[in-house]
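Peer 1: Construct the entire structure; sequences and hints are all you get.
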Amino acid sequence: MNRSDVSRHDRLAFTLIELLVVIAIIAILAAILFPVFAQAREKARQTACLSNLKQMGLSVMQYAQDYDEILPSTGWQGPCTNPNDITKTNDLYFSGVYSFPIAIQPYAKSYAILACPSDDARGGFNKTGSNCYEQQLIQGNVPGAYAGMRNVANAMRDTLPLSYAGNYFLVKSYLRKPVGSPKVPMTVPPIEVEGTALEMATFSDLDSPANIFYLADVGSSTANFAGWYIAPGYGNNGADVRWRKGKRHADGRNWIFCDGHAKWSKDPDFKNPNGTNKSQDALMEEYRKRGIYTYYYTETNN
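The sequence shown maps to residues 1 to 302 in our numbering.
Don't take every hint at face value.
[Said to hold, decoys possible] Under the rule of at most 27 Å between Cα atoms (straight-line distance), these lysine-lysine pairs were calculated in the DSS-like manner:
{"hint": "1", "residue 1": "Lys-289", "residue 2": "Lys-278"}
{"hint": "2", "residue 1": "Lys-247", "residue 2": "Lys-278"}
{"hint": "3", "residue 1": "Lys-245", "residue 2": "Lys-43"}
{"hint": "4", "residue 1": "Lys-247", "residue 2": "Lys-266"}
{"hint": "5", "residue 1": "Lys-247", "residue 2": "Lys-289"}
{"hint": "6", "residue 1": "Lys-109", "residue 2": "Lys-263"}
{"hint": "7", "residue 1": "Lys-266", "residue 2": "Lys-278"}
{"hint": "8", "residue 1": "Lys-43", "residue 2": "Lys-54"}
{"hint": "9", "residue 1": "Lys-88", "residue 2": "Lys-109"}
{"hint": "10", "residue 1": "Lys-263", "residue 2": "Lys-278"}
{"hint": "11", "residue 1": "Lys-43", "residue 2": "Lys-247"}
{"hint": "12", "residue 1": "Lys-245", "residue 2": "Lys-54"}
{"hint": "13", "residue 1": "Lys-263", "residue 2": "Lys-43"}
{"hint": "14", "residue 1": "Lys-109", "residue 2": "Lys-43"}
{"hint": "15", "residue 1": "Lys-289", "residue 2": "Lys-245"}
{"hint": "16", "residue 1": "Lys-54", "residue 2": "Lys-278"}
{"hint": "17", "residue 1": "Lys-271", "residue 2": "Lys-247"}
{"hint": "18", "residue 1": "Lys-54", "residue 2": "Lys-109"}
The hints are simulated quantities; they were obtained by calculation from the structure and are not laboratory data.
Peer 2: So this is what it looks like as structure tokens:
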């Protein structure tokens, strides 16, 4: 190798400092771009989730048209009540009333829409030991359901992954309007004044279907349980994390309302200025101010 070849080789080689500069630039670009990519990916998942809810909203409306304007069940009481004695509500019983994930299937024709792409747990139909949950899966002909699955960890969740929960105040046992009487304020705890635990609200019961929420994003507990029923802020001032974990789309969640439309809305802050968690009632009031109502009679109850 002559001197000119050596000189040419020296000119083509990178120094250690130059290599470190290049690596540093790549690291800086990665730090800038990776969050952007992550945000774009989450935005796509949020859009897919909202699409799921729009399909479910349409299915809910079709169900109501076929069943005298009665909404699919969003309460634990309806499915999990003794059909021979409606005063007995327990996970041992199945009334024959299906909760909304199964009730809408003749219209939705898809179990995939029940799972949010941003929710890994999907524990809405995962309650160990519950005969009520298991019988809905079996009698509802959900693919993969089998007798005894309630005693197998996560078997029901894996059979029917569910990321959304319904407004349990739409069950008629929470209705506060005696037949023939004016609208009356909410009672706490709720008292049954019309209807039974098996009955759901009808459109004629609702003051403002476009503002009363029907379903929303929820998360799962550490035991991978969520339930198909919820109220805004449920358990926020305690150990329950299901409502808080539903805040998974850009500091908010997706919702379906009782007229079938779906939208995203930003969640309020879950904590008080002093750092304590807000109560369920306080959060319900904050959602109400954002146009998201919980109870039947919006001007008196929420």
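Peer 1: Evaluate each hint against the coordinates.
Peer 2: Structure-based check of each hint:
| no. | hint | in the structure |
| --- | --- | --- |
| 1 | Lys-289 with Lys-278 | holds, 16 Å |
| 2 | Lys-247 with Lys-278 | holds, 15 Å |
| 3 | Lys-245 with Lys-43 | holds, 17 Å |
| 4 | Lys-247 with Lys-266 | holds, 8 Å |
| 5 | Lys-247 with Lys-289 | holds, 18 Å |
| 6 | Lys-109 with Lys-263 | holds, 22 Å |
| 7 | Lys-266 with Lys-278 | holds, 16 Å |
| 8 | Lys-43 with Lys-54 | holds, 16 Å |
| 9 | Lys-88 with Lys-109 | violated, 32 Å |
| 10 | Lys-263 with Lys-278 | holds, 24 Å |
| 11 | Lys-43 with Lys-247 | holds, 14 Å |
| 12 | Lys-245 with Lys-54 | holds, 21 Å |
| 13 | Lys-263 with Lys-43 | holds, 14 Å |
| 14 | Lys-109 with Lys-43 | holds, 26 Å |
| 15 | Lys-289 with Lys-245 | holds, 22 Å |
| 16 | Lys-54 with Lys-278 | violated, 30 Å |
| 17 | Lys-271 with Lys-247 | holds, 14 Å |
| 18 | Lys-54 with Lys-109 | holds, 14 Å |
In the structure shown, a violation is registered for the earlier hints numbered 9 and 16, in ascending order.
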